[in-house]
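Trainee: Kindly produce the complete structure, drawing on both the sequences and the hints.
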Amino acid sequence: MKQSDCESVQNLLSLYIDNMLSDEETNIVREHIASCASCREELALMKSILEETKHLPEIEVSADFHKNLMEKIKAEGKPEKKFAVNWKQAAGFVAAAAIVALSVVSFIELDRTPDNQNIDTYLASPTPQAEHIEKESAEPNEEQKKASEETENPAKKTTAAEKTVQPEQANKTDKPSVREDIVADDTAGHSPFAVARSMETDGIAAHSDDSNEETSSEYGIPAAAETQPASEASAAPGNSAKSVSEKTTASEKDKGAEAKPSTNTKASGGSSGGGGGAASGGAARPRVSTFRIATVTVSENAKAEAIAILSAYAKDANGYKVGESLQTVLNQLSALEGYSISTKNANHVSANYIVLK
Amino acid sequence: MGEAEWIRLSQKGDMDAFSQLVSLYEKRVVNFAYRMLKDTHEAEDAAQEAFLRAWKHINSFRPEASFHTWILSIVNRICLDILRKKKRTGEQTHISIHQAPEGEDEYAIQIEDTAPGPDEVYRQKTAMQLVEQAIGELSEEHRAVILMRDINGLEYDEIAKATGASLGTVKSRLNRARMALRKILEKNMELFS
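Protein chains in written order, with numbering that gives the first Met the number 0: chain A, 0 to 356; chain B, 0 to 192.
Keep in mind that the hints were calculated from the coordinates and are not lab data. Don't take each hint at face value.
[Said to hold, decoys possible] DMTMM-like, lysine to aspartate or glutamate: derived pairs with alpha carbons at most 25 Å apart:
# : chain 1 : residue 1 : chain 2 : residue 2
1 : A       : Lys-53    : B       : Glu-41
2 : A       : Lys-81    : B       : Glu-4
3 : B       : Lys-26    : B       : Glu-140
Mentor: The following block contains the structure:
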């Protein structure tokens, strides 16, 4: 019996005891402990420790605990109403509303309703898009006139689009990206939604146990919880926008067109027309989406822990289907010993995957 | 009248109903705080603060969620804040006195140090006391998940909600916590042998 096998299995014993392993992993553990006395002993020891833990002596609550508490509660008065004004939360919502408003304005400004004939060149590179914008600004239709009324000088935008080659640069110079802000801020826990969630209890600091963890408590202020799906949904285009921004080929910029139009326009000058075109042209234009397959390598010692992290996700022939949580899971895996990663785009899959080697 | 009804009435400002909820959960909350803070007075203060905050924000609580998980998440955050403040102020040593298990006459007194040294004194240690001691030596985050899972019986997804961590993080953290508990026990048992 290899020592590395025993170490890997012993790293899984905790989850095995709680029936939290996948069927495949459960079978691996069962088969191993059937033939390994050392690991059987380890399993028995862990079970006995947990059994003792369940029966630890409890301290008694002091006689005046309840009385003192109820006096404090009486002094506190009625509980806060469901929609009481919480100024920090309100500031967060105002910031979120401002971002949404900017998105709508930038979408209206950048949507030039391109011809279907021009859509391929429109999507191909920034330069054709700039040319296209120039053409359309030279012959404005009703929509464009309206859009141009909302902006001072369309030519300035054309100039800005021409100057910016990389989508992320266009993003930085033109309008703030909601998706990047939300994705980045959610990681740091400082987005409006994370702030609102942190106010679930008065004044409690939103201390994350690990600084890069997701905050997913459902016990936040109801409005914050309701907006959470919106932030998660818009984080998906943000992820694809990030992947788009990392690439330089025009065809890969197309793939950002799968994102929702309102947020897609903010991601890049290159893909924004695709998003706008998708909104206006709609059914006639084929959508190209690309997801990523990340191949992660960790040391033998860390493999069990990696499996434990990935076991929260479904596994199929392509690997672990992590979907929108790709970056979050990679952040967790990156803390493991021997971590290395290579990624590739994959057109044949319907979500982001991680393959563990 | 059950817990759901007490919660509903509490949300309308009924303090008597909330008093029922307190009676139902005060021992669990106080003991959770005691295991985290290792001090009975601090534990009761933290527990009172937790219930006070729960009362204040009772209208934020969704009925379909678990009150047990919610109140533990609140007291957990309070305890972690207290422990972090203590670290910043350099508070290192405390004494806790706890009653010996039922049937024994003596009180077992532990003189604990957060950085245990070779001159610690242990008397009449049972397996249960060794486990209790070992839990006290875990890091705060590890202690919290052990208390939630192994003492309070929360499911993994409930622990994730209570701590704001992802399910994957809870799995790996609980795994590491139990491995750490195992190693501390092994080390402490060697001190006796």
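Trainee: Is Lys-81/A within 25 Å of Glu-4/B, Cα to Cα?
Mentor: holds, 18 Å
Trainee: Could you grab the alpha-carbon distance between Lys-26/B and Glu-140/B and see if it respects the 25 Å cut-off?
Mentor: Measuring from Cα to Cα gives roughly 21 Å; hence the hint holds.
Trainee: Does Lys-53/A pair with Glu-41/B here, judged by a C-alpha cut-off of 25 Å?
Mentor: Holds, at roughly 23 Å.
Checked against the numbered hints above, the structure violates none of them.
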